[in-house]
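Keeping the supplied structure of chain A fixed, place chain B upon it in accordance with the hints.
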Amino acid sequence: MKLHRVAVTGMGAMCGLGNSLDEVWANALLGKSGVSTIERQNTEGWPVTFGGEIKNFKLSPELMDLKDQDRFDLFNQYALHCTDEALRHSKLLEANYAPEKIGIIFGTGLGGFPHIESNHKIFLEKGARRVSPFFIPSVIPNMPEGLVSIKWGFKGINFAIASACASSAHAIGIAATEIMLGRQDAMLTGGTEGVITGYTIAGFASMKALSKRNDEPHRASRPYDVDRDGFVMGEGAGILVLENYEKAQARGAKILAEVVGFGASSDANHITAPHPEGLGALVCMQQTLDMAGVKKEEVGYINAHGTSTPLGDAAETGAIKKVFGEHAYKLAVSSTKSMTGHLLGAAGGLESIFCIKALETGMLPPTINLENQDPACDLYYVPNKSEKRDIKYALNNSFGFGGTNSSTLFKKPE
Amino acid sequence: MELQDKVIKLVSEATKMDAANISLNTSFVDDLNLDSLDMVELMMKMEDEFGVEIPEDETENLKSIGDIVTYLKAKSH
Chain A
10 MKLHRVAVTG
20 MGAMCGLGNS
30 LDEVWANALL
40 GKSGVSTIER
50 QNTEGWPVTF
60 GGEIKNFKLS
70 PELMDLKDQD
80 RFDLFNQYAL
90 HCTDEALRHS
100 KLLEANYAPE
110 KIGIIFGTGL
120 GGFPHIESNH
130 KIFLEKGARR
140 VSPFFIPSVI
150 PNMPEGLVSI
160 KWGFKGINFA
170 IASACASSAH
180 AIGIAATEIM
190 LGRQDAMLTG
200 GTEGVITGYT
210 IAGFASMKAL
220 SKRNDEPHRA
230 SRPYDVDRDG
240 FVMGEGAGIL
250 VLENYEKAQA
260 RGAKILAEVV
270 GFGASSDANH
280 ITAPHPEGLG
290 ALVCMQQTLD
300 MAGVKKEEVG
310 YINAHGTSTP
320 LGDAAETGAI
330 KKVFGEHAYK
340 LAVSSTKSMT
350 GHLLGAAGGL
360 ESIFCIKALE
370 TGMLPPTINL
380 ENQDPACDLY
390 YVPNKSEKRD
400 IKYALNNSFG
410 FGGTNSSTLF
420 KKPE
Chain B
22 MELQDKVIKL
32 VSEATKMDAA
42 NISLNTSFVD
52 DLNLDSLDMV
62 ELMMKMEDEF
72 GVEIPEDETE
82 NLKSIGDIVT
92 YLKAKSH
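Respectively, the protein sequence lines represent chains A and B. Going by our numbering, the first sequence opens with residue 10, and the numbers climb by one from there. Going by our numbering, the second sequence opens with residue 22, and the numbers climb by one from there.
Don't take every hint at face value.
Said to hold, decoys possible - Result set (BS3-like, lysine-lysine): computed pairs, CA atoms no more than 30 Å apart in a straight line:
id	chain 1	residue 1	chain 2	residue 2
1	A	Lys76	B	Lys27
2	A	Lys160	B	Lys27
3	B	Lys30	A	Lys67
To be verified - Where chain B lies over chain A, by a calculated footprint (3+ residues, C-beta under 8 Å):
id	segment
4	139 to 151
5	207 to 220
Just so you know, these hints were derived from the structure itself, not from any lab. Remember, it's a predicted structure, so these values are computed and weren't measured experimentally. All residues carry an ideal CB built from backbone N, CA and C; glycine is no exception.
The following block holds chain A by itself, in its conformation from the complex:
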């Protein structure tokens, strides 16, 4: 069977740094923090009152009519917004692919938690007869794919991947595989998440997973710093258009990057803690390089999972050193979660976009708030300021609860 090459031809992004790809990327290169005090809800009594909250967002009525905007949970709306941007960027709608050859696989970690919370309140206070008929359609994890399919008439493969914080990285890997196998000509992929609500924050806070730096939100996400005290919840989406490379070239599409490797593995160790030596992470990074047939010395940048938890950052660093050996100290690693917070199921989508922008522009986004580097994290993390560095290959790492790991390797087009 002939395997097809996979091109990235369009991207759409939103998070606390901005509501468009250009805004997000510009602010990332400036090393800005997209983390702030939560304004959307009253946070009284919440253990954590900040996050990478999206501000000033209103979905275009062209993408979802106003009455549906009251009904569909945020992660659906973020997916539509970023899909629209990615489609415009790629000019995919001008291509002549059969609708059956355009598919959608997004990742989402949690789905519609805000509407689960609000409908549960109605259920308890007003009874079963007041639970919205749009409750289930609004919260199921695969509804963003359904809405995108309906909006643009794409009739290919259509489902969601749920692997916690690795969801959208897995989605990109599986979507790329669909194109490699020739089953689809184009794929919308990446991920979406919008769960900044009291219920979710309470759950993560009970696990002691969240930073509690309520008085200094912008300094709370600080991967690799000795004073890191947990992750910061972010939200948003990162959507990519993938295409059969040759067909994209033939239609004159601008090729932003090539997806050349994908790895996935399990820790088989603990429900939430990373493997202390990062063994699962090591396996999936190595698989990714092997699939691509790329030498480790060719990788110039890693967008790390780097969530700003004491255990996770050190374990991932250890795994990178085991995979890359001496080269681990020459390549650049950064955690853009220092700026965006942790987008959970959407993290791999947004961070793959950062990898691709780094390949395209020769600029690496920084790890901000890195003031006193933890000796257990001794790599070069592009501290606090973006950096010019031409790279040929960029690797994204995403790991999730349940001990699931995913890596994806992107190549700069020749």
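Just chain B, lined up with the frame of chain A:
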């Protein structure tokens, strides 16, 4: 406010349609393009607003604004 105006206001808010375009003759399906889920949601709002219970088998007969107004008037007697 007349009952009719209250119903039109509620339907206008729920469907985001201009109240000026909604009258007693307006059909939920033909004019407002509502599907079965939209109708369930609208009936919930009616029940909340007017403090009545509209049994499921009776909603099937409520096809227009006029039907609702007539139904609510009958209920209030």
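Results for each hint:
| no. | hint | result |
| --- | --- | --- |
| 1 | A/Lys76 / B/Lys27 | 19 Å, holds |
| 2 | A/Lys160 / B/Lys27 | 34 Å, violated |
| 3 | B/Lys30 / A/Lys67 | 24 Å, holds |
| 4 | 139 to 151 | holds (count 5) |
| 5 | 207 to 220 | violated (count 0) |
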